[in-house]
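Undergrad: Each chain, written out:
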Amino acid sequence: MLEISNLHVAVNGTPILKGIDLTVRAGEVHAVMGPNGSGKSTLAHVIAGREGYEVTAGEIRYLDRNLLELAPEERARAGIFLAFQYPVEIPGVANIQLLKSALNQVRRARGEAELDAMDFLDYVQTRLALVGMKEELLYRSINEGFSGGEKKRNEILQMAVLEPRLAILDETDSGLDIDALKAVADGVNALRSHERAMVLVTHYQRLLNYIRPDRVHVLAAGRMVKSGGPELASELEERGYGWLDTTAEVGEARA
Amino acid sequence: MGKSENVGIGELMQEEYRWGFVTDIEQERVPKGLSEDVVRLISAKKGEPEWLLEWRLAAYRHWRTLSEPHWAKVHHPPIDYQDIHYYAAPKKKAGPSKLADVDPEILATYEKLGIPLKEQEMLAGVAVDAVFDSVSVATTYKEKLASLGIIFCAFSEAVREHPELVRQYLGSVVPHTDNFFASLNAAVFSDGTFVYVPKGVRCPMELSTYFRINANDTGQFERTLIIADEGSRVSYLEGCSAPRRDENQLHAAVVELVALQDAVIKYSTVQNWYPGDKEGRGGIYNFVTKRGDCRGARSRISWTQVETGSAITWKYPSCILRGDDAVGEFYSVAVTRGRQQADTGTKMIHIGKNTRSTVVSKGISAGEGSNAYRGLVKVLAGADNARNYTQCDSLLMGSRCAAHTFPYLEVKNDSAQVEHEATTSKIGDDQLFYLQSRGLSAEDAVNMIVNGFCKEVFKELPMEFAVEAQKLLAVSLEGAVG
Ligand SMILES: Nc1ncnc2c1ncn2[C@@H]1O[C@H](COP(=O)(O)OP(=O)(O)OP(=O)(O)O)[C@@H](O)[C@H]1O
Ligand SMILES: [Mg+2]
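Protein sequences appear in the order of chains A and B.
Just so we're aligned: 142 in the working numbering is position 142 of the first sequence, and the numbers increase by one with no gaps anywhere.
Position in the second sequence (from 1) plus 1000 gives the number in the working numbering.
Incorrect hints may have been included.
Said to hold, decoys possible - In silico lysine-lysine, DSSO-like type, Cα no more than 27 Å apart, as pairs:
(1) Lys1426(B) x Lys1459(B)
(2) Lys1426(B) x Lys1073(B)
(3) Lys1455(B) x Lys134(A)
(4) Lys1199(B) x Lys1353(B)
(5) Lys134(A) x Lys1426(B)
(6) Lys1278(B) x Lys1347(B)
Calculated directly from the structure, the hints in this document are not laboratory data.
Using the sequences and the hints given, assemble the complete structure.
TA: Written out as structure tokens, the structure reads:
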């Protein structure tokens, strides 16, 4: 589904990603871990199509298309979803307004009919239940005045509404209390299917106790320095990143 | 008395302003220039009583002693006031009394503008007065309103049918000596709308006037007078458009509102005059004096404006809070892009006790647009416990546009509470990316952010017009980002 090969990315001329290889197949869940500033969010943003990241070498293929040619909205309509590490506030725009516009854009791209207000409301209720979110938050301005945990849950709500094929969750577990963590994990697990793939960027083993990944990768200083099964996450939890050779060779991370 | 020419194909192809077409009808015009004779001629054409002619002449004589004001943050080449036609009317019968009498070409124009005048096709619950160049061409729903004692008609008709009301209130809010443009208007105003809502009557529908400038080299000087008698309520909306032309055209209107005890007037404007082209050629100079007088206790006047058009907008809809416990409100969205300039805001004059005012101004600048908010809050010595809250937000799109805020404050009473908040923001790349990553195009993302920014103002507009205003905003900001 997603094939990243030899990806080099620079920001303002500074190289951040230095040869990433990563293959994610439909039905798989991958975890990406790694120290602060190693390039995890950069990778997530490049996949989602954010401007300002210069791809200096390598490529990203998604469902056999050259992903880098697509505008961010085209990627979203093609089924890519990024849950932001820092969700953005949009004053004056009700949460539900974005959910409805976004869903209808994506549905149109899938060749499905747009939902009218009533059908949409019914649908969004089922999604709210899935992530355990209060209905009241639908009518508040997008992320404005939301607590940290509410913002993260809101990202998962958006994901649940849009039903993407490839979801990248950038530290959605950070800053969540135990109940919220469980709610997020339930939401993610409910969406897990053999057609869908997920990439979880996380610092903590605890999320992976709820969502068992197929593969775990370590990103350090812009390179994938280690890959392994779920047990790698526990090992990292115990030993930290110090024991890893951060100059490891490119290509080792292939799943 | 020439016919107006058609817009060329080349012009149509590069058209960005969608209301820029010209209607080909026969015009009757007074020769260019302004003199006592022209004032007399206009008055005679309308068959006005002597007192009104005298009022016009007094205004004209006063105007001649004034010079154009230059304190606003707008720039334009000098206006030659002798190079303007002060009166233009579609030939045929001026001021038809029935829709059936209206020139079909004019009806077609309004259809094209999305304002069908045929009653059966009208938006339910909106009565429309349409002013085409200098005269009012149709007023719909008149009988229904008349059964409630509500007068809603062309200004010239009010002069004929209800001279005592006109005489009592005309110039009582904006005197003929008020300012350069108001004096000019008083001298030459051609038509406009008159509304009177009797005691205790709630007007059951939105009243609306649509102003259209069609003729070239013509100024539009309409006058609106709305009187809400004790305990009555009325909501009024005005819309405007004009053809695209290379020369600038002057629009100097005056609006006077009078709210007596316990009366409520809500006045909404969606202003979409031709803004000129990208290089700043052409466009309407919108120099307008709008003022409401909360004359009675507990009266309330609320101005809501969405200003997207005009080359230059210079207007400050104001409230004189004379009655005790009176409330004044001003909600504004002003958009400038290309070379558009707007200097707009409000004045809240607190005279009565416990008077309250709220000002919410949203300025959006794109391209090389320049947007200034200018607001005066004045609390007189007798205005115990006056309160004002002003919020002034600017949104910048791009790096060549500008926003300025000029708040003026004059407080002569220690019990007054005055609050002012101002913010300036840019549409953030992170906001755009966030929405795009949810599947919205860049254009839709900008619209969503801008609509969110304007929400506090849009929610003050009647439902149908809020939708219109959103569409208009989307059109005016097309291609502004990206
Ligand atoms: N726009 C930018 N301008 C300059 N440097 C940037 C920019 N974006 C990212 N960087 C740098 O790139 C590096 C990787 O950042 P990134 O946000 O991808 O790290 P991360 O792995 O997600 O870290 P964390 O675990 O703290 O979220 C950092 O050193 C960061 O400062
Ligand atoms: Mg990060």
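Undergrad: Which hints, by number, does the structure contradict?
TA: Numbers 5, 6, in rising order.
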